[in-house]
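**Student:** For the record, the sequence lines run as chains A and B.
full-length UniProt numbering puts the first residue of the first sequence at 1, with every later residue one more than the last.
full-length UniProt numbering puts the first residue of the second sequence at 1, with every later residue one more than the last.
Since the hints were made in silico from the structure, they are not lab data.
If you're wondering where the values come from, they're calculated on a predicted model, not measured in any experiment.
For glycine and all other residues, C-beta sits at the position ideal for the given N, C-alpha and C.
Just so you know, not all the hints are guaranteed correct.
[Unchecked claim] Derived lysine-lysine pairs resembling DSSO-like cross-links, with alpha carbons at most 27 Å apart:
#, chain 1, residue 1, chain 2, residue 2
1, B, K627, B, K675
2, A, K156, B, K675
3, B, K101, A, K156
[Unchecked claim] Listed next, with one range per pair, are the computed distances between beta-carbon atoms:
#, chain 1, residue 1, chain 2, residue 2, range
4, A, K156, B, A45, 48 to 58 Å
5, A, L123, B, S181, 42 to 52 Å
6, B, P537, A, K156, 37 to 47 Å
[As the list claims (entries may be wrong)] Some residues of chain B that are not near chain A, with every Cβ distance over 12 Å (derived):
#, residue
7, S16
8, E52
9, T368
10, I750
11, T929
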Amino acid sequence: MTASLALAATGAVLIAAGVYLFMERSLMRILAGLLSLSNGVSMLFLVSAGTPGGASFVADGSDSSTITDPLPQAMVLTAIVISLATNIFLLALSYRSFQLDGHDEVADDVEDAIVRRRAEADLTSATFDETEAGIDHDTDLDEAAVEAAAAKAAAKEQKGSGE
Amino acid sequence: MIATLAASALLALMTSALSPRMGRWVFLIPAIASGVAFVYFLTLAPAILSGEAVEESIEWIPSLGITLAFRMGALQLLLALVVTGVGAMILAYSVWYFESKTLKSRTVGLLTGFAASMLLLVLADDVILLVIGWELTSVFSYLLVGLNHHSRKNRSAAQTAFIVTTAGGLAMLVGAVMLGSEAGTYMLHEILAQPPESTITTVAVMLLLAGALSKSAIFPFHFWLPGAMAAPTPVSAFLHAAAMVKAGIYLSAALVPAFADIPLFRPTLIVLGVATMLVGAYRALLQTDIKVLLAHGTVSQLGLLMTIVGIGTKTALMGGLAMLAAHAMFKASLFMVVGTIDRQYGTRQLTKLGTLRKDRPLLAVAATLAAIAMAGLPPAMAFAAKEAGLEAAWEAISLPGVPTWLGVLAFAGIVVGSMGTVAYTLRFLIGTFFVDSRLREALDGDEPFIVRHGMWPQLVALFPMVLAMLGIVSGFFGKPITAALEGATASAPAGEASYLALWHGFTPALAGSAIAVVGGFIVWRLFGRSMAAPVEPRFSAAAAYAGMMRGLDRLAVEVTGRTQSGSLPVHVSTIAVTVTVLAGAGLAFASLGAPKLVVADSVGQLVVGIAVSVCALVAANTRGRLKTFLLMGIVGYGTAMMFLLHGAPDLALTQILAETVLLVLLVLVLRYLPKYFTNRPLRGVRWLRALLAACVGAVAGLGALFAANSRNEASISDRFYELAYSFGFGRNIVNVTLVDIRAWDTVGEISVLLAAATGVASLIFIRTRVVDPVGTLRGRRGRPDTSKVGPGWLRAGATADMQGRAPMLEMMTRLLFPVMLVVAIYLLFAGHNDPGGGFIAGIVAGLALCVRYLAAGALELAEAAPIDAGKLLGGGIILAALSLIGPVFFGGSVGQSYDYTIEILAMGEIHFVTSVFFDVGVFLVVLGTVLDFIRSLGAGIDTQWRNDQTPRPSAHSDRTVPVRSRGAQS
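Looking at chain B on its own, in the form it has when it is part of the complex (with noise of 0.2 Å):
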């Protein structure tokens, strides 16, 4: 089973690729693989009708008690037959259907992916996989009604069909987790060879009920179905009538034996069922479009097989299975019908049709055998179940357990239902084919008929014509399919056992169906040939879900409308008032006592916070730039400071480092901004924003106090010093923590880098990150042409003018540079050790070229660094990712480290630890990121200063002349 399914679900991914150069015939494949699945589950047979059930299983998600469990009893292979024998059917047909020309590559794949995740919802033991699969085909569904997507209608259709069977999946999820947990386990077969007994199974079952309703397009969710039809008509064929809907009559028929005597449960089936039945015929019998009259006659068969199978007794799954099977061939048979008139003559119209025994007489014949089975007349298969679902209904009637009246209902039902069917039945089949041709011109006089599909025009019927056979056949081999099913219907409770015959001799059933029968040619007569155009009813379940929608929509204008103000401002102050209230009130009714404080751990701390504090305070009121960030960068240092203070050399450094790169980098923008910021007149509003800004600070910094002291438990970080040295093999905690104990942290931190460098260049560079140092924005690669300068102490420096150039600067440059990169590969190796680690040393590295840039601008970068800073980064991840990975490939786990001693020949040894790698691609993506940030705030600013793209602040002004109108102006 397992097999089958992975070899669908691999041959859905790798049809829609062969779907261009096969065109039509593409479908072959899934048609042939569907056949032979077909054949497979035929050879499981004779195991499973002899009782046994076929089972495989993987462990999934074990901790969760979720397993990939499959199980095929008597009920699931019946399924899979319908499901794979149709669907061959269908799928062959489709070869017909479709045209080269216009077939799109994913309908072959969608299809296919259709049939697997059918085929899993079916045979799926545990409730968890069967929700997925569930999930799947609504997908599916969703993808190919919604296949032409240029079209409004056919968008609304798929979502209104996703949004209704979702929704009720969601219910049957949280149904199927609830009765999972109830039961103990979350099989299938295990819940319902022991049903627990609960309000909370009993709320669970009613929760699976809601998925297998909205699924089946039962009352009231029956409108996605018509809709639904916008699909092309082999999808109608297998999903709409077929395969899809039936899942929720799998379903409830499932649990029938385990739950039907939960006092809700035959009332709510049978109830909704005759409602369903009753509403659909009644629309279909006023439809003129033959497939949306067939959409409804579904509607209607849906509700017929909820109602018997609802009705919860042996005999009812006995018609109910049967019926099951029955509808599957006639439907998806009718369907193919209408395909074919559809493609043949251009419409769909009962108005317009009529005539077309003449025409077509084997589709005529395929038509009329398939219209036999749906208005349920003898000999075919539907008729032994529909009498088998009449019996039930009587014998309920005097079932104990069963309310009198819910036996009544259901056989008045199926009989009234019945009554539709077959007049609607009638208006299909004669409408189509049979009406008098010299009623048909006074009926209206044009004559539409213009063959558009020319392959295969009359033996195209087979296919219609095959099923439908099937359906009438198998009506004579009442015993051996009653033997069959038995499986699936011994153990539902009560009553006895009757068996699928096209003649019982005369009972209440026969009686039923006679009256049915009658009253359906009747009905037709009176009612069922009228041509005029269908109206929408003013009160229809599809228009309160339309309105239900808009409702939904006028809630969020509303919500939206009220809380989204669309100022940066007020949303960061709505965020800070919560902060304030919520943690606030938090710390104000926190019972921790009077904290355990020091006002300062040295002198050092209290002149440096001091210093800092001023700081940021006057740098908050500052309006020049310059002077904000220069007093911001004191900030930074002196939190440096701070770290130095509190015994943390490698936060110092890096802090130091870092505040240095920003530094460069920001003087580096801020020569092309106005002096001064946007001046503020001083309202009330910035004092209530600074009391804001005092209570969040206060907020902060008690809190941190309070949870320094509210501490119970040991740190985990107490066991780090003994843990740095026994499994991460080295002396520095802070880089073992970085590289080893903490590693996962420090992927997900480089990835920040990663994606915060290309942010920066694609806003320089828009397109590119290479950089051309030379000229134009339209990049060439590579190092630039430096061999044709003199002698200097640097290269690039030669290509300056004069004016611009700084000896000095530049001979401290050469000497400095080796120095810098030694100083970072020893911090780099370091760092396990010792102060360092990659991402010192990265910083280390970038300020090196930093350097390089200031002294000689954008040509001795490229000089200096000739390579994309792109691969820097993606080859640092790989890197780091690589060294995480790797020892799983020598026995090891994810981000195990090793350490080797090597000796070298007189040198002594060398101490080496495999953490070593992750830190090197640390280090690239850090010197990567670096790089990146010079390139595009140094080197490309640059370039675009000499195309004058900088932005340039307008005299006595807090604002630029923005390009766009500098372009204008020129």
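With the rest of the complex left out, here is chain A (with noise of 0.2 Å):
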């Protein structure tokens, strides 16, 4: 099987310029890497078919040695369809973002940076509840008082849902 230098490279360039435009914060440009690199990845697709021949139909004349290989062919035609989809859907997510916030860059995750310096002051995690842990279970268990809150509450709520 012969591989062709001309469509790898292509591939490789087209998957290049896509990496580099997802590495930026606005989701504009990350769509149209991602757009570069699903054509790039096609592009290897094809290299994977090996040398071109006829077009895969069952005819007089051809046999399985003389088309182009069906299999990459059905798996590059799914993907289009596919990343078509996926790309609307990040066009539509920018969208969204510049009629809620005037632009469509994303910004650092808030959460990441508060585990961060929670991290840095050797704190547990904010939802970490040392009762929930385990400590203590057994010094009060009085279930009935709880549960007695619990009914009054409910009937609280019915009266008032009554009116």
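Make the complex out of the two chains shown on their own, each in a separate frame, by following the hints.
**Tutor:** See below:
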């Protein structure tokens, strides 16, 4: 099987351009990167199809050796439609971002910053709860009181909704 | 057996639905069912006791050797009777305990589900199935302990219990798989009949025991059980006293006959059992809450059971199993007493109770009977069982193969443990019922007695009474019980089989019992009457567990803090670096030799390749938004050209169509966005990024070249040529691959389309995908009213104002639309033999709708496609799925294709293949997707524009004015 250098090189350039754009913060640029990237990957699929042959149809005068490998084609065909859908989704995401925030740049995750600060201060996570982690179960188990309170609240709610 | 299990599972699902209507009385259903099951198991008893075993099985996963196999021997019968018998009693008691007003409807379902999974655990013969039952009980326990999830303490207790028992369960699963593969079968009875002997077996058995120890709350896992008492009392009585915690004992007892002689088996169980017994008894003696007192007592008793079973002789097993049954009866009974007191007096504190014998004589009698059993006094069955345990321990001292110290430890441990048991039993019983009232007043003045619960105030004592009486009366039937248990103990190693009896003569065991009773009384007099609040010990397993959880959380924080920067570019770069390094290293070390290469397959390929590459590189460095995407459009069409040059007309067609749809939609959106991307100052980082991107591209390209050249097997697609026609009945191999050979892939892919279309629609419309073409976003469904407009090329065109109209476009559209639809239909049906197919036809039809929208706007689109895109998407998926499954109903296999030749009068023959239904499904999904896209990004945004909700680019800026701040201005 002979591979085409031109095809692989084109694929490589498209992927490089795609990855470069992918490392941006603007969703629209990421979308452009995704477009380039998916086309590049399609090229590489063509490389794996080998030497081009006739269109892959069962016909007189052709056999499995004279046609282009149909398997990569089937994969690329669905990939094209899926990338279309994904790209449009990204487009809608970007539009929405402009609509709400006035730009479409993905800001740094606030939660991650919080975790980083906690790690520097040698703290546990914000949701960690000493009681929940199992300290101190069996000192007070006044289940009846809790249930009574719940019942009271339920009754109150019922009354409230009745009015 | 299988029927019983299925019925209980079904009941678990049904009862919760009935709960709101029946209130507390709903518990009668599972109670009666459990009673029926108890009787059914009793009818099986004679056969089982004569040595037979009841077996039933259904194939499940034959390739892994896993079967739904059930087998009931004497041991399983005992457990099944305990679960259903005690279960029936406790479920009936639940009718009294719960109040209809506060009863959560899931409670009854969870309790019934627990009973079902407990039965599954006990009856399963396949060890994998046993583990499944095991974990199911853990899950139900979690849900039942956390029944009141508003309380943080309950959540915490449920979580602790779950984590501890599941950790053990996972160890057990590993052990089960190891044991199964070592023995060559997963059938428990076969493994036990011919136990494998190897180091792996030893490890496997120890892992199984780890599961057993954690489930039965044996030291160092004992701390979860007292916490789990946060559950309602019937739950505690059923799960955490009678049934679930016995699972570990059951498993150990089942393993004894085959594996007791493994060197670590006896020491592990006995040492940990004795430790548990002492820790539990000591802690119980300090508690003032009687439920927690009983919980620690249960821990202690489980230690006793584990010790006795761990001795691993015939007598030991006899004593252990008898004790298991006895404990289930008296402990469930005592828990019911506690639940009754808790409900009636609203307290469980010993400091407030003490004189209940006057108020509740029946309850006092029931409690006393149960307490006699708990303390191990004659004539209770527990006494006979404990005697057998002591006897076994005494035997073990002189048993060859068992270290002497172990026997001594077991004997001494049981005696001292029983001493503690007697002491805390006295503390419980006297402290609750029989404190002298004068003394009571001296202890504290207030009388808290408020009766909260009115139903059957005295008669409720009958529930615990029945079980307590059973525990006492059965003590007189030592001989028949011995005979009944023989089936379970006969195969255990070593020792003479003893028998259960209240009187064996003057034996060391009797001396041990006597010491325990006298000693226990003294201990109670000395230490058991202090009413100081219990102090949490500084060094406890619970504290160690909490420390471990804290450490885990800290570790997570540190790891997350160091690895998660929260910046998208950094994350993407990390992936890119990883790809470069790993894949690059793989390429560098691959010994493939020089690949077979040509510069280009054709001149066209070279030219297109260069053009496309230049466009992509320019696009990556352009600030103009529209320019970038137009360049990317060229890249897309160039790719289509490449496909065509490569002999792939279907691909080229699809690519061109998809690219067109994308461009149209991009332009529709770009109208409202700023002209330029955010400017980025040229910094060193950008060059670094460019370098990284180049590396990734190079690695990908080289990888593809090497991969193409390292193929040394014939491609599977070589057979597609022949298969496409003989099995798929089509000449277009690519299309047949999509709809037949790899149809499952296609199903996955159209599902992605559906998800993306829904996502886009929800991003624009937020709530509903039905757009109202005339005005507000609060949808008016259906076709627009165009009846009043005059004639024109397009009906909706006349509704637009004159300036916005494009008569030429309208006319062309009028002519083009039907043609495009016909072409789409042609492509759809021709696709099987010629270029075309569902994907292509779907996009063509979608483009036809697109043209209608472009010519005359949203109204025209609604006129052209008066259907919800969601219906097209859903209908398409359903059709595709049906056409795949359909052949099964006609005796074929999933996805099979059939061909028919239909003769139509005067038109010749039509060759018809059933996979066309699948392709129609694909067509509908693709059409629905494109329609959804135009509706959202075209008509939807138009509507937003009318409502001034679109982003408005600010002058000389790369930002837009957000909708929210605009609202604030106006």
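**Student:** Next step is simple, just say for each hint if it's right about the structure.
**Tutor:** So, going through the hints one by one against the coordinates:
For the hint pairing K627 of chain B with K675 of chain B, the CA-to-CA distance comes to about 9 Å; that is within 27 Å, so the pair holds. Pair hint K156 of chain A plus K675 of chain B does not hold up; C-alpha atoms about 58 Å apart against a cutoff of 27 Å. The suggested pairing of K101 of chain B with K156 of chain A holds, with an alpha-carbon distance near 12 Å, which does not exceed 27 Å. A C-beta distance of roughly 53 Å is found between K156 of chain A and A45 of chain B, which places it inside the suggested range of 48 to 58 Å.
Judged by the Cβ atoms, the range 42 to 52 Å given for L123 of chain A and S181 of chain B holds: they are separated by roughly 45 Å. Taking 37 to 47 Å as the suggested C-beta distance range, the pair P537 of chain B and K156 of chain A conforms, at roughly 41 Å. With a closest Cβ-Cβ approach of about 18 Å to chain A, S16 of chain B is found to remain outside the 12 Å limit, as its non-interface label requires. Under the 12 Å C-beta cut-off, the non-interface status given to E52 of chain B relative to chain A holds; the minimum distance is some 46 Å.
Every Cβ of chain A is farther than 12 Å from the Cβ of T368 of chain B; the closest lies at roughly 24 Å, confirming the non-interface assignment. Under the 12 Å C-beta cut-off, the non-interface status given to I750 of chain B relative to chain A is violated; the minimum distance is some 9 Å. With a cut of 12 Å on Cβ distances, T929 of chain B falls inside the contact zone with chain A, its closest approach being about 6 Å.
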